[in-house]
Amino acid sequence: MALIEADAATASETNSGIGISNVTVVYGGDGGVTALKNINLQVKEGEFVSLVGASGCGKSTLLKVVADLMPPTGGQVTVNGLAPSALRKAGRLGLVFQQANLMPWLNIRGNIGLLKSLVAGHGGTVSKTGASVDQLIDVVGLTGFGEKFPHQLSGGMQQRAALARALALDPAVLLMDEPFAALDEITRDRMAFELMRVWQQYRKTVLFVTHSLSEAVMLSDRVVLMSPRPGRIHRIFDIDLPRPRTPETRLTEGFSKLVLELNRELYEVMT
Amino acid sequence: MTDIQSTDTVLAAPERNGRGITLRAVVERAGPFLLTAFLIGFWEFAVRFFEVPSFLLPAPSQIVMLMYNEWSLLQMHAIATITSMVSGYLCAVFFALTISALMIRFPLMERCVMPIFVALQSVPKIAIAPLILVWVGAGFHSKLLVVTAIAFFPIIINTMTGFKQVDRGLRDVFTSVAATERQIFFQLRLPYAMPYIFAGLRIATTLAVLGAIVAEYLAASNGLGYLVLSGSFNFNTARSFAAIIALAVIGTSFFGLMTFIESRLSWKRHASSDETTRV
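Same order as they appear, the protein sequences are chains A and B. In this text, residue positions in the first sequence follow the UniProt record's numbering: the first is 1, and each later residue adds one. In this text, residue positions in the second sequence follow the UniProt record's numbering: the first is 1, and each later residue adds one.
Just so you know, not all the hints are guaranteed correct.
[What the hints assert, rightly or not] Okay, the calculated bits of chain B under chain A, using three or more residues with CB under 8 Å as the criterion:
{"id": "1", "stretch": "151–164"}
{"id": "2", "stretch": "172–178"}
[Unchecked claim] Here are the simulated DSSO-like pairs of lysine-lysine, each with C-alpha atoms no more than 30 Å apart in a straight line:
{"id": "3", "chain 1": "A", "residue 1": "Lys89", "chain 2": "A", "residue 2": "Lys44"}
{"id": "4", "chain 1": "A", "residue 1": "Lys204", "chain 2": "A", "residue 2": "Lys89"}
{"id": "5", "chain 1": "B", "residue 1": "Lys164", "chain 2": "B", "residue 2": "Lys125"}
{"id": "6", "chain 1": "A", "residue 1": "Lys148", "chain 2": "B", "residue 2": "Lys268"}
{"id": "7", "chain 1": "A", "residue 1": "Lys44", "chain 2": "A", "residue 2": "Lys148"}
{"id": "8", "chain 1": "B", "residue 1": "Lys164", "chain 2": "A", "residue 2": "Lys148"}
{"id": "9", "chain 1": "A", "residue 1": "Lys89", "chain 2": "B", "residue 2": "Lys164"}
{"id": "10", "chain 1": "A", "residue 1": "Lys37", "chain 2": "A", "residue 2": "Lys204"}
{"id": "11", "chain 1": "A", "residue 1": "Lys204", "chain 2": "A", "residue 2": "Lys148"}
[To be verified] Sample of chain B residues with no beta-carbon within 10 Å of chain A, all distances over it, derived:
{"id": "12", "residue": "Leu74"}
{"id": "13", "residue": "Gly137"}
{"id": "14", "residue": "Val249"}
{"id": "15", "residue": "Trp267"}
What the hints contain is simulated information worked out from the structure, not anything from laboratory work. It should be emphasised that the depicted structure is a prediction, and the values quoted were computed from it without experimental measurement. Glycine residues also receive a C-beta, built at the ideal position from the N, C-alpha and C atoms.
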């Protein structure tokens, strides 16, 4: 860990955040399906960037490449100047999936502390600057639920626990793959604001995959619209809506204009 | 989940106040006991009334008397059965868990060995018991081996099912921090498989009792199985009945003990949590 931090320190300023250069992913070897083609994207440290696009545009694939869950066929990814694999081994990648994926035999406290203890257990040094399990339970709004088991919690609360579990690692980046897609719309909406509140507090670099254009606009500094077959970046939208954003933000002209523009562009890509 | 439970109790509360429901609840609770008592009473009456010879069907009172008079004999044979049954069971548990752990660690071994276990699973192991006697000879060792052979299969099949069914999403969580194979085994696979393992362990208790009895039927000079057999040979049917009752008590206690251990060590699968993760 100390080594990694030293590396990160020597890495130049421009290397902080996520650097994706010329990333290509081909499924099934030569002549297979090209899921991603020559993706170039820089995400600044502390920036919130969403990936949107029709199904099959490769947004989840791109997230998996950054998460080191899938090797790119070509190109390179760096996070704070390091390879994703190094960060994964150091336990500094925070992942939140569509499913909460909590261990049903552990209570919420145990689930939130699980990854931290796994990292400590295989030789990684757990960062001491990160928040404690108790603090995180409060941060994500699960105060009083630490001793409960996952099945006793609603889907939204389970997803809060999953977010806390990722934050417990004090991650270099937070990678979220449609984290609210399995929730009902009202819960989903509330979770978006909760996430923003937590993000304001920790200022993690976030890469966020979603199907919902309004969710992407509400949360992000930039929205990356991808186009399918082969997956590539179509256009990047700067979301210059002032922060902190509230439910009222949705009523502003700027917000609806951006969503509309994204919508129009998305349909253009599809036809 | 909790919501459903609370509405249940709300619905049930006024019912309990009603008179007819109270009687019904009592009957539902005590029904099985009352029926058993009635059947035993009928048995006692019928044996006496029709003067059924005791070698054919002894009266319940005769069986109880015999159990009281021959308690030390029963105890001795019960201990012999329990010893071979428990040691065979523990052997089966040990081998089944170790071999499944090895098969998870070495997939090649799983591919070679597991199909054999699955095929053997459908062979009635009882049928092999006489061969075991030929190989090992009569006595404690053959009993132990028969029990082990018969209890082994449900444990290993269930354990492997649990190990292999680990949710993909939960695995990804472990992969996301580069968890070691060891961590994945002890902190993911093993706890995940607990309900499966205990399902196998519970089935195996019943089979272990069966295995011990069969081994004792075939060739043994002690044990409750032997007592059942010798009782029927000597037309001492009451003694056979006493041994069967002892076996039933042992089997039920063994099963109950396993259920108790499970409640302490394992977690339960909840339909509601499955739902929320599946959607």
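Practice problem: State the violated hints by number, sorted upward, taking the hints as numbered earlier in the document. | Solution: Hint check: 1, 7 and 15 fail, others pass.
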